[in-house]
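J.: Residue numbers (our numbering), protein chains in the order written: chain A, 1 to 149; chain B, 1 to 135.
Rather than coming from a laboratory, the hints here were simulated on the basis of the structure. Certain hints may be false.
Stated by the list, open to error - To list a few chain A residues with every Cβ distance to chain B over 10 Å, as calculated: (1) 2; (2) 8; (3) 33; (4) 105; (5) 110.
Claimed, not checked - Stretches of chain B that chain A covers, calculated by requiring three or more beta carbons in the stretch to come under 8 Å of a beta carbon on chain A: (6) 11 to 21; (7) 68 to 77.
Note that the Cβ used here is the ideal one computed from N, Cα and C, for glycine as well.
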Amino acid sequence: MDGAFWDGVADVVSAVLLLAGAFLAFAAGVGVVRFPDLLARMHAATKPQVLGLILVLLGLSLRLRSWGAVATLALVVIFQLLTSPVAAHMVGRAGYRTGKVQTAHLVVDELTRDQDAADLEIVGEHPGDEPGSSRDASTPSGDPSAPPR
Amino acid sequence: MTDTVYLVVVITAAVLLGAAATLAVVRAERGPSMLDRTIALDVFTTTLVGAIALEAAFSRRTDTIPLLVVLSLVGFIGSVTIARFASVEPEGEGRIRTPEEVAREDAERRAAEEGERDAATDPDHHGTSADGEVR
Chain A
1 MDGAFWDGVA DVVSAVLLLA GAFLAFAAGV GVVRFPDLLA RMHAATKPQV
51 LGLILVLLGL SLRLRSWGAV ATLALVVIFQ LLTSPVAAHM VGRAGYRTGK
101 VQTAHLVVDE LTRDQDAADL EIVGEHPGDE PGSSRDASTP SGDPSAPPR
Chain B
1 MTDTVYLVVV ITAAVLLGAA ATLAVVRAER GPSMLDRTIA LDVFTTTLVG
51 AIALEAAFSR RTDTIPLLVV LSLVGFIGSV TIARFASVEP EGEGRIRTPE
101 EVAREDAERR AAEEGERDAA TDPDHHGTSA DGEVR
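Just chain B, with the same shape it has in the complex (with noise of 0.2 Å):
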C-alpha cells in the first residue's frame, strides 16, 4: 500500500521537475541576456540534482549520490566562468536568429565582400595566366 502511494508522489515531484527544467529550457533559449541563461542553466542543474535524488529515492539506491556532489560543484564553476567573461552585448545580438534573418546576412556579407573583391582588383593589370605564351 505505502508502496502505491510512494509512486504516485515520485511521479508527481516529476512532473513538477520535468516542468521545472522544460521552463529553464525555454528561458535559456529567449534569453536576451549572457547572464540570463548561465540563470536558467543554473535552475537547470538544481533540477537535475533534485531528480537524480528523486530517482535514489524512489529505488533506494546510493550509488548515484556521487552524482550530486560532482554536479552541485560544476554548476558552480559554470555560473562563475560565465559571469567572469560576461561583457556588454550589443542590443538584439543576444538572440537566436531565424533561418531566413541568418540567410539575409550572409547574402549581406557575402555581396559587401564580393564588392570588396571587385575593388581590389586593378582594371589596367587584368589578364589571363602566361598559359600558352611563355612556356
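This is chain A alone, in the form it adopts within the complex (with noise of 0.2 Å):
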C-alpha cells in the first residue's frame, strides 16, 4: 500500500517535470523562430539546454527509479553544462567577429573596448588618449578575414 502511494507519487512528479521540460523546449522553439537577432535567439535556445534537460531527465529517473540510470543520466546532464556555455561562447564570439551582432544594442560591450585598446597599443598611441576614436581606423593588421567592425 504505502509503496505503491509512493510510486504514484513519483509518477505524477515525473509527468509534471517531463511537462516543464517540453514547454520549455517549445518556448525555445517559438523564442528562436521570433527573436530578431543572433544572441536573442541565442539566449532563447539556451533555456532547453541546461533548465529544460535537467527537468526531462529529473522527471525520466523518477519514472525509471533505478540507481544505474540516474547515474548516466547525471552524466548527460554534467557534459552539458560543461559544453553549453562553450558552443555558446563560440557561437557569440564567431557572430560578433562576422558583424552579426548590432553594437549599438548593446547595454555591455566590453569586447569593443577592449579591441579598441588592443589597437591603439599596437598602433603605438597612448592607452585611453582618445577611446573612442580608434573605431574608424582600419585594423592594423590588415587582415583580409577581419570583417568591419
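Reconstruct the complex from the two isolated chains, following the hints.
T.: What follows is the structure, encoded as C-alpha cells:
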C-alpha cells in the first residue's frame, strides 16, 4: 500500500517535470523563430539546453527509479553543463567577428572596448588617449578575413 | 488510472516537443546566417534528447539512455565546428534560392561561359579537322 502510494507520487512528479521540460523546449522553438537577431535567438535557445534538460532527465529518473540510470543521466547533465557554455561562447564570438552583433544595441560591450584598447597599443598611441576614436581606424594587421566592425 | 493520466501527459509533452522541433527546423531553413542555423540545430538536438527521454519515461526502458549521452556530445561538436569556421557571408548569400533564381543564375553563367569560349577562339585559325586530307 505504502510503496504503491509513493510510486504514484513519483509518477505524478515525473509527469509534471516532463511537461515543464517540454514546455521549455517549446518556448525555445518559439523564441528561435520569433526573436530578431543572433544574440536574442541564442538567449532563447539556451533555456531547454540546461534547465529543460535537467527537468526532463529528473522526470525520467523519477520514473525509472534505478540508480544506474540516474548515474548515466547525471553524466548527461554534467556534459551539457560543461559543453553548452563553450558552444554558446564560440557562436557568440563568431557572430561578433562576422558582424552579426549590432554593438549599438548592447548595454555592456567589453569586447569592442578591449579591441579598441588593443588596436591603440599596436598602433603605438597612448592607451586612453581618445578611446572612442579608433573605431574608424582600419585594423592595423590588415587581415583580409577581419570583418568590418 | 494513473497510466491513462501519464499517457495524456506524455502525449501533451510530445506535441510540445514536436512543435519545438518544427519551429527549430523553420529557423534553420530561414537562416539568414550560418550561426542562426547552428543555433536552430542545437535546439533541434535538445528537443531530440527530450523526445528520447520522454519515450524512455513512458515505456520505462533504460536501453536508450546511452543515446542521450551521445547526442549531448555530438550537438556540442557540431556547433563548435561550425562556429570556428564561420566567415563573413555576402548579403543575401545565406538563404536558399527559389528554383526560378537558380535557373536564372545558371542561364547567366552559361551565357558568360559561351562568351568566354567565343572570345578564346581565334577567328583566323578556325577550320575543320584534318580529316580527309591527311590520312
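J.: Determine for every hint whether it applies to the structure shown.
T.: For each hint, the structure was consulted:
For residue 2 of chain A, the requirement that its beta carbon stay farther than 10 Å from each beta carbon of chain B is met, with the minimum near 16 Å. The claim that residue 8 of chain A lies off the interface is violated: its Cβ sits roughly 6 Å from the closest Cβ of chain B, which falls inside the 10 Å cut-off. Not every Cβ of chain B is farther than 10 Å from the Cβ of residue 33 of chain A; the closest lies at roughly 5 Å, contradicting the non-interface assignment. Every CB of chain B is more than 10 Å from the CB of residue 105 of chain A (nearest about 17 Å), matching its label as outside the interface.
No Cβ of chain B approaches the Cβ of residue 110 of chain A within 10 Å, the least distance being about 19 Å, so the stated non-interface status holds. Judged by the Cβ-Cβ criterion of 8 Å, the segment 11 to 21 of chain B is covered by chain A as claimed, because 8 of its residues qualify and three suffice. Coverage of the segment 68 to 77 of chain B by chain A holds [criterion: at least 3 residues with CB-CB distance below 8 Å; count 6].
The structure does not agree with the numbered hints 2 and 3 stated previously, though it agrees with the rest.
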